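Here the protein sequences line up with chains A and B, keeping their order.
Numbering of the first sequence is given in the working numbering, commencing with residue 1 and proceeding in unit increments.
Numbering of the second sequence is given in the working numbering, commencing with residue 1 and proceeding in unit increments.
By construction, these hints were calculated from the structure, which means they are not laboratory data.
Values in this document were obtained by computation on a predicted structure and should not be read as measured data.
By construction, the Cβ of each residue, glycine as well, lies at the ideal position given by its N, Cα and C atoms.
One or more hints might be untrue.
Coverage of chain B stretches by chain A, computed from C-beta distances (three or more under 8 Å per stretch; other residues unrestricted) [as the list claims (entries may be wrong)]: (1) 5–17; (2) 23–37; (3) 106–114.
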Amino acid sequence: MPRRDTAGRIVSYDGLMSDITEKKRADDELQSAQAHLMQLEKLHSIGQLAAGVAHEVKNPLQIILLGLQYLTDSAAAREPQAQSVIAEMNDAVRRASCVVQDLLDFSSPRELGMQRCPINGLIEKSLRFVRHDLKTAHVQVVQNLDPELPDALAEPNKMEQVFVNLMTNASHAMPQGGTLLVATRTKTITPADFAPHEAGDRIGSSFHAGEKAIVVEIRDTGTGVPPAMLARIFEPFYTTKSTGKGTGLGLSVTQKIMDLHRGKISIENHPEGGVMATLLLKPAGLETGKTKERT
Amino acid sequence: MSKKKILLVDDESGFTRLLRLTLPAYEIREVNEPLKALQVAKEFQPDMIFLDVIMPDADGGTVAAQIKAEATLKNVPIVFLTAIVSKDEAQTRREIGGCEFLAKPVSRDQVDDCIRRHLGS
C-alpha cells in the first residue's frame, strides 16, 4: 500500500512479507506424491494389460513356433526356399515374443535381491552376451575399466539387463560398424550432477553432493540422436529404431531398473560424435537386502 | 523299451497336438479341459506332467495340488508352462510352488531337455 505526503506524492510503501518456502516445498512434495501415485496407477494398469496380452499373444506364438519346428522336419521343408521361409517365420515369432516379454518386464512387480556386485565383471559378462551382434555389425570394443572399482549394491541380473540393453542400442546405432567404448571409474558427486544439461538426462536419483559414485559409460560412434528425440528417449513405446529392431521399451525398462537401484542414468550426444549413456551407481556399503518394487 | 509317458494339460489344443507331433519319442496324452486332468492322470499314470498355469475352469496350481494329493501321482514331476513371466524370472527363478516352470513360447528342444533332465532318459 503506498504512503503519500501531504501533496499526494508517494513517499513509501507499506507491505507485509512472509516466507512461504516451507509451504512451497510442501506443495511441491504433494504434487510430486500425486504424480508418483498416478504413475503407479498407470503402471498397475499396464501390468494387468501386459499379463493379458502375454497370455493371449504368447499362446498363439507357441503354436506357430511348434508348427514351424514340425514343418522343419517334414518333406515340405526340402522344397527350394522352404528353409529360408521357415527361418524368417521363426525370426518373426522371436521378435513378437520379445515385444511381449519387454512389456512384461516393464510392468511386472517383483523384489530386487540386492547384493555386492563387481560391476566390471558384469560388464564383461554382458559384452560376451552381445559379442555375436557386435561382431556381425563390425563393431570393435574398447574397454577402459577401472581395476580399483568398488563393488556396487545391485541385483546382478538386472544390472546385466541394463548393460545389455545399452550395448545393444549402441550396436544398432552403428549399422556401418564403429567402436563401442565402455569405461568405468569412480567420482565424487557435485551439485553440477543434478543440473539438467541435456534432454535425455534422468534426474531424481538419491545421490547427494560429496557422495562417491560408481560411473559406467557406454558410448557408440554412430551419428547421435536429434535433441527432440533425445527428450523422449525414456518414454515407453518410443523408439528411434526401424520396425523389428526395437520395442520402444528397452530404455524404459533400463530407466526403471536404475530407479530401483537408486541410481542415475543420462543419455547424451557426445561432443566427439555418437551417443553416450552414463550410469551412476551406489557403491556397496554395509547395507544389503531387498528393495520391494512398488509397481 | 516302452516309451516314457507324458501328460500335457493345456486348454490350447493346437499346442498340445503339435507338441505331441514333434516329440514322437514319448507316449503323450493330451488334456484340454483342466477339470478332467486328475481323472486322466490317474488312468494314464504318467512319468511326467506339463501343466499350463492359466486355464478356464481351473488354474494350473489347483490342478497340481489335486495331482500331488493323489498317492499314486504325488512323486510325478510337474512342470508348469506359463506365458506370464518376466525375462528375469524365467532366467533366475525356475520354480512355482516347488515345481519347475518353462516360459512360453517353448521350443521342442527345451521340452525334450526338460523331460530328459527329470526322467534321465
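Hints, verified against the model:
Given a C-beta distance limit of less than 8 Å, the hint that chain A covers the stretch 5–17 of chain B holds, as 3 residues qualify and 3 suffice. With 0 residues bearing a CB less than 8 Å from a CB of chain A, the stretch 23–37 of chain B misses the requirement of three and the coverage assertion fails. Only residues whose C-beta sits within less than 8 Å of a C-beta in chain A count toward coverage, and the stretch 106–114 of chain B has 3 of them, enough to reach three; the restraint holds.
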